[in-house]
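One line per chain: the protein sequences are A and B, in this order. Using my numbering, read the first sequence as starting at 1 and increasing by one per residue. Using my numbering, read the second sequence as starting at 1 and increasing by one per residue.
Hints are computed from structural coordinates only; laboratory data are not their basis. A few of these clues could be false.
Identical chains blur together in the list; that is why a pair holds if it fits in one copy or across any two.
[Claimed, not checked] No more than 25 Å apart at the CA atoms, straight line, and that leaves these computed lysine to any residue pairs for SDA-like:
#	residue 1	residue 2
1	Lys52	Phe65
2	Lys402	Asp42
3	Lys6	Gln143
4	Lys311	Leu343
5	Lys6	Ser225
6	Lys175	Ala50
7	Lys175	Glu4
8	Lys6	Gly146
9	Lys175	Pro153
10	Lys402	Ser225
11	Lys127	Met31
12	Lys175	Tyr209
13	Lys127	Gln5
14	Lys127	Met1
15	Lys52	Gln303
16	Lys402	Gly359
17	Lys6	Glu297
18	Lys385	Gly68
19	Lys127	Asp84
20	Lys6	Phe145
21	Lys6	Glu75
22	Lys311	Gly68
23	Lys6	Arg321
24	Lys402	Ala369
25	Lys6	Ser265
26	Lys402	Glu236
27	Lys385	Asp166
28	Lys127	Gln396
Residues per chain are reported as follows:
Protein chains: 2
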Amino acid sequence: MNLEQKFELLGVNNAPGQEVRIGTTDFEHAMQGEYLGGVPVDFSHGNIDAFKPTPGTLEAWQRGFQRGGQQAYTEYRGSAVIRDGVASRLAEFTGRVIDATDELILTPGTQGALFLALGTTVTTGTKAAVMEPDYFANRKLVQFFGGEIVPIPLQYQSQASDVGPDMQRLEDAFKQGVKVFVFSNPNNPTGAVYPQGKINAIARLANQYGVALVVDQLYSRLLYSGETYCHLRASEHAPESMITIMGPSKTESLSGFRLGVAFGSPTLIERMERLQAIVSLRAAGYNQAALETWFNEPDGWIQQRINEHEKIRDDLLTVFRNAGTLTATPQAGSYLFPQLPELTVDLQLFVSLLRHQAGVTVTPGTEFAPAMNSCFRLNYSQDHKAAVAAAERIVQMVDFYKA
Amino acid sequence: MNLEQKFELLGVNNAPGQEVRIGTTDFEHAMQGEYLGGVPVDFSHGNIDAFKPTPGTLEAWQRGFQRGGQQAYTEYRGSAVIRDGVASRLAEFTGRVIDATDELILTPGTQGALFLALGTTVTTGTKAAVMEPDYFANRKLVQFFGGEIVPIPLQYQSQASDVGPDMQRLEDAFKQGVKVFVFSNPNNPTGAVYPQGKINAIARLANQYGVALVVDQLYSRLLYSGETYCHLRASEHAPESMITIMGPSKTESLSGFRLGVAFGSPTLIERMERLQAIVSLRAAGYNQAALETWFNEPDGWIQQRINEHEKIRDDLLTVFRNAGTLTATPQAGSYLFPQLPELTVDLQLFVSLLRHQAGVTVTPGTEFAPAMNSCFRLNYSQDHKAAVAAAERIVQMVDFYKA
Chain A
1 MNLEQKFELL GVNNAPGQEV RIGTTDFEHA MQGEYLGGVP VDFSHGNIDA
51 FKPTPGTLEA WQRGFQRGGQ QAYTEYRGSA VIRDGVASRL AEFTGRVIDA
101 TDELILTPGT QGALFLALGT TVTTGTKAAV MEPDYFANRK LVQFFGGEIV
151 PIPLQYQSQA SDVGPDMQRL EDAFKQGVKV FVFSNPNNPT GAVYPQGKIN
201 AIARLANQYG VALVVDQLYS RLLYSGETYC HLRASEHAPE SMITIMGPSK
251 TESLSGFRLG VAFGSPTLIE RMERLQAIVS LRAAGYNQAA LETWFNEPDG
301 WIQQRINEHE KIRDDLLTVF RNAGTLTATP QAGSYLFPQL PELTVDLQLF
351 VSLLRHQAGV TVTPGTEFAP AMNSCFRLNY SQDHKAAVAA AERIVQMVDF
401 YKA
Chain B
1 MNLEQKFELL GVNNAPGQEV RIGTTDFEHA MQGEYLGGVP VDFSHGNIDA
51 FKPTPGTLEA WQRGFQRGGQ QAYTEYRGSA VIRDGVASRL AEFTGRVIDA
101 TDELILTPGT QGALFLALGT TVTTGTKAAV MEPDYFANRK LVQFFGGEIV
151 PIPLQYQSQA SDVGPDMQRL EDAFKQGVKV FVFSNPNNPT GAVYPQGKIN
201 AIARLANQYG VALVVDQLYS RLLYSGETYC HLRASEHAPE SMITIMGPSK
251 TESLSGFRLG VAFGSPTLIE RMERLQAIVS LRAAGYNQAA LETWFNEPDG
301 WIQQRINEHE KIRDDLLTVF RNAGTLTATP QAGSYLFPQL PELTVDLQLF
351 VSLLRHQAGV TVTPGTEFAP AMNSCFRLNY SQDHKAAVAA AERIVQMVDF
401 YKA
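Kindly generate the complete structure, drawing on both the sequences and the hints.
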């Protein structure tokens, strides 16, 4: 693959947050129905002005800055003191100890952690199993490192006990030489949570076939009432070669600091540090200090944040379902992934028109699986009222363009 | 190349700042002479407690944080407003306009910029010319992306007009199919500055042979009295395909923010943004705001910083030269690259002993060119008195271990 082909696969204009770079084509000629007024809502990412960063984070950052050189020039894998604190709190959360010296690295965002995890496990010709739909960068990373994607469909509209990969498909892929399996759980974009049985089965298969696991648990804290989350790393079958990824960018709204954490196999963590040394050296030194507040929030703060998201989720589900739009119930996280009926315009144009005509930005489903051209994703970590009104505008737009 | 081989090439234990991960081997058995007391000095990187971050940076960062979501979620290439300001100030500094929309990207440190620049120009089999000695990551990046290194020796102990590559060697390399030429100017680790004639000749050759240039100008502001710096991008022969890299981590001591800037060919910048989208998304949003102070410092501040470094440089040169140690005069930057006489121990052990016995941390020359096993690098952006005392301890240590 030459450089031109390689970068063709890395298109970012439809990526969340990049809409500003799409030209202002004239959409008038394609418009049906009228302009829909209201507060513009950008569902492509969370609104941290509606859900603000964890209290105390600014002060923690400032203390880091005041520490000067020792905080600016940490080890590439991050400050030892900060790793200690984060490791013990994540061990408690995930139900298994983490050695802060050898089993954890701080990265620039969970994106940084994913990049390093796949960079250390995928090279030219490596077969990597990727769920569909799943976070858009997973596919791109495998391709960038020269790997071969083995797609595994996600069952997310089925019975709760069946959510996740079809295990026969997954085992077949492992048998055919897959070396890495990367997936997000809770799933991005659907909010589906893999049940305990699936998690244990994945762990067992990975062990049996010697497959490395990269488990992106970015949304595992934002778990709705009645749901249970199972940490694969704490499964008794958890394979030696695995990396778990988390970070405070979403639930805690610390995305502006670019902080992520990867923890797991010392061999992989060591490689990830070597790679980080040529990628960006380290997560910005002062920003590492903001992690002091992570899993260390004021009493009740996280629970309140979850409750507020749950209310938005429920109201949006009502809006979409009343309009007959098929939408699975997110069990965790802040993504909805509704399915559109047949339209008179293609998904890409509909998404552009949504923005132009109704002031609503969403992410097309094709970012998460090439064939998902009738779905779109909303990050509903937004102002509650504005989000509901925007969902109602989406429903009206579907009416305008229904085939 | 399999993953194990790939990561073997990425060793970081000798990298600056990573000394903490080298085990505390017992060096007693190898010691000659006594312990040398004094303030420990870590010459592997600059001391930002001695040379503090630009005044006003903390406040600029805080204003960024207060701006909330718009500052946290910028375009992947960085905030448009901040790019505007940086582009116009860098245009003035480098003597050629920069289109802030298409010709500039903010990155996590200049390391991030280098990674992206080489990631977009080097793939499996690409021949890349690399200077020796030069910044250690250049070699590693070419190897990581599957490229083939074509080494070009740096003339740095010659007449000022001859500093840089031997132009015949460089042209031969270009003739043999080199597609990318990456180099730092001022050179890291020697502080050599390429004269105008060399810069123009490099530009002409790159044009003639269609070679992309990646010019790392990280230290181009810290230019000593009587020296002239020539920006390749402003040369009338500058090729279309080129990237210039700068950042505020060194002279301005903002390393703790992880900020860098790459500017040049829109095609390459566009690719770099695509790559950044899967590497780390963007330079940390709030940190971008710290660039407000860059090339915007209080009157006289930069000149004073240069003067202070020049005095340290001169004192260290005196210490080393009085002891008969060969050391080229840095024309810019804050690196010295002295050459050791023959010793009874190898360079790696001498460097370890320096740390153990004399409290002095330096970087072995082999990090900058595989064969340079009698040189070492000092970053003398340090407390003046402590640096001079540490240099005197180095001289004593050379006496202890001279063959």
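Here's how the hints hold up against the structure:
1. Taking the shortest Cα distances, Lys52 and Phe65 sit within 25 Å of each other both inside one copy (21 Å) and across copies (11 Å).
2. Taking the shortest Cα distances, Lys402 and Asp42 sit within 25 Å of each other inside one copy (23 Å), while across copies they are farther apart (67 Å).
3. With identical chains, the CA atoms of Lys6 and Gln143 are at most 25 Å apart both within one copy (8 Å) and between copies (17 Å).
4. Taking the shortest alpha-carbon separations for Lys311 and Leu343, neither the intra-copy value of 30 Å nor the inter-copy value of 72 Å comes in at or below 25 Å.
5. In this homomeric assembly, Lys6 and Ser225 never come within 25 Å of each other (Cα to Cα): the closest approach is 43 Å inside a single copy and 46 Å across copies.
6. In this assembly of identical chains, the alpha carbons of Lys175 and Ala50 never lie at most 25 Å apart, being 47 Å within a copy and 58 Å across copies at closest.
7. Taking CA atoms no more than 25 Å apart as the test, Lys175 paired with Glu4 passes between copies only; the shortest distance there is 23 Å, against 33 Å inside one copy.
8. With identical chains, the CA atoms of Lys6 and Gly146 are at most 25 Å apart both within one copy (9 Å) and between copies (14 Å).
9. When the C-alpha separation of Lys175 and Pro153 is checked against a cutoff of 25 Å, the pair qualifies only within one copy, where the shortest distance is 17 Å, while the shortest distance between copies is 49 Å.
10. Taking identical chains as interchangeable, the C-alpha atoms of Lys402 and Ser225 are never at most 25 Å apart, the minima being 35 Å within one chain and 72 Å between chains.
11. Taking CA atoms no more than 25 Å apart as the test, Lys127 paired with Met31 passes in neither setting, with 44 Å inside one copy and 51 Å between copies.
12. Proximity of Lys175 to Tyr209 under the C-alpha cut-off of 25 Å is restricted to the intra-copy arrangement: shortest distance 7 Å within a copy versus 48 Å between copies.
13. Taking identical chains as interchangeable, the C-alpha atoms of Lys127 and Gln5 lie at most 25 Å apart whether they share a chain (19 Å) or sit on different chains (18 Å).
14. Within a single copy, Lys127 and Met1 get their C-alpha atoms as close as 16 Å, and across copies as close as 16 Å, so both meet the 25 Å cut-off.
15. For a Cα distance limit of 25 Å, the shortest separation of Lys52 from Gln303 inside one copy, 15 Å, qualifies, whereas the shortest one across copies, 41 Å, does not.
16. Within a single copy, Lys402 and Gly359 get their C-alpha atoms as close as 19 Å, which meets the 25 Å cut-off; across copies the closest is 74 Å, which misses it.
17. Taking the shortest alpha-carbon separations for Lys6 and Glu297, neither the intra-copy value of 42 Å nor the inter-copy value of 41 Å comes in at or below 25 Å.
18. In this homomeric assembly, Lys385 and Gly68 come within 25 Å of each other (Cα to Cα) only across copies, at 20 Å, whereas the closest approach inside a single copy is 43 Å.
19. In this homomeric assembly, Lys127 and Asp84 never come within 25 Å of each other (Cα to Cα): the closest approach is 35 Å inside a single copy and 43 Å across copies.
20. Within a single copy, Lys6 and Phe145 get their C-alpha atoms as close as 9 Å, and across copies as close as 12 Å, so both meet the 25 Å cut-off.
21. Within a single copy, Lys6 and Glu75 get their C-alpha atoms only as close as 32 Å, which misses the 25 Å cut-off; across copies the closest is 22 Å, which meets it.
22. Taking the shortest alpha-carbon separations for Lys311 and Gly68, only the inter-copy value of 24 Å comes in at or below 25 Å, while the best intra-copy value is 43 Å.
23. Taking CA atoms no more than 25 Å apart as the test, Lys6 paired with Arg321 passes in neither setting, with 41 Å inside one copy and 51 Å between copies.
24. Proximity of Lys402 to Ala369 under the C-alpha cut-off of 25 Å is restricted to the intra-copy arrangement: shortest distance 23 Å within a copy versus 65 Å between copies.
25. Taking CA atoms no more than 25 Å apart as the test, Lys6 paired with Ser265 passes between copies only; the shortest distance there is 18 Å, against 30 Å inside one copy.
26. Within a single copy, Lys402 and Glu236 get their C-alpha atoms no closer than 50 Å, and across copies no closer than 58 Å, so neither meets the 25 Å cut-off.
27. For the homomeric pair Lys385 and Asp166, neither the shortest alpha-carbon distance inside one copy (38 Å) nor that between copies (67 Å) is at most 25 Å.
28. When the C-alpha separation of Lys127 and Gln396 is checked against a cutoff of 25 Å, the pair qualifies neither within a copy, at 43 Å, nor between copies, at 56 Å.
Hint violations for this structure: numbers 4, 5, 6, 10, 11, 17, 19, 23, 26, 27 and 28, all remaining hints satisfied.
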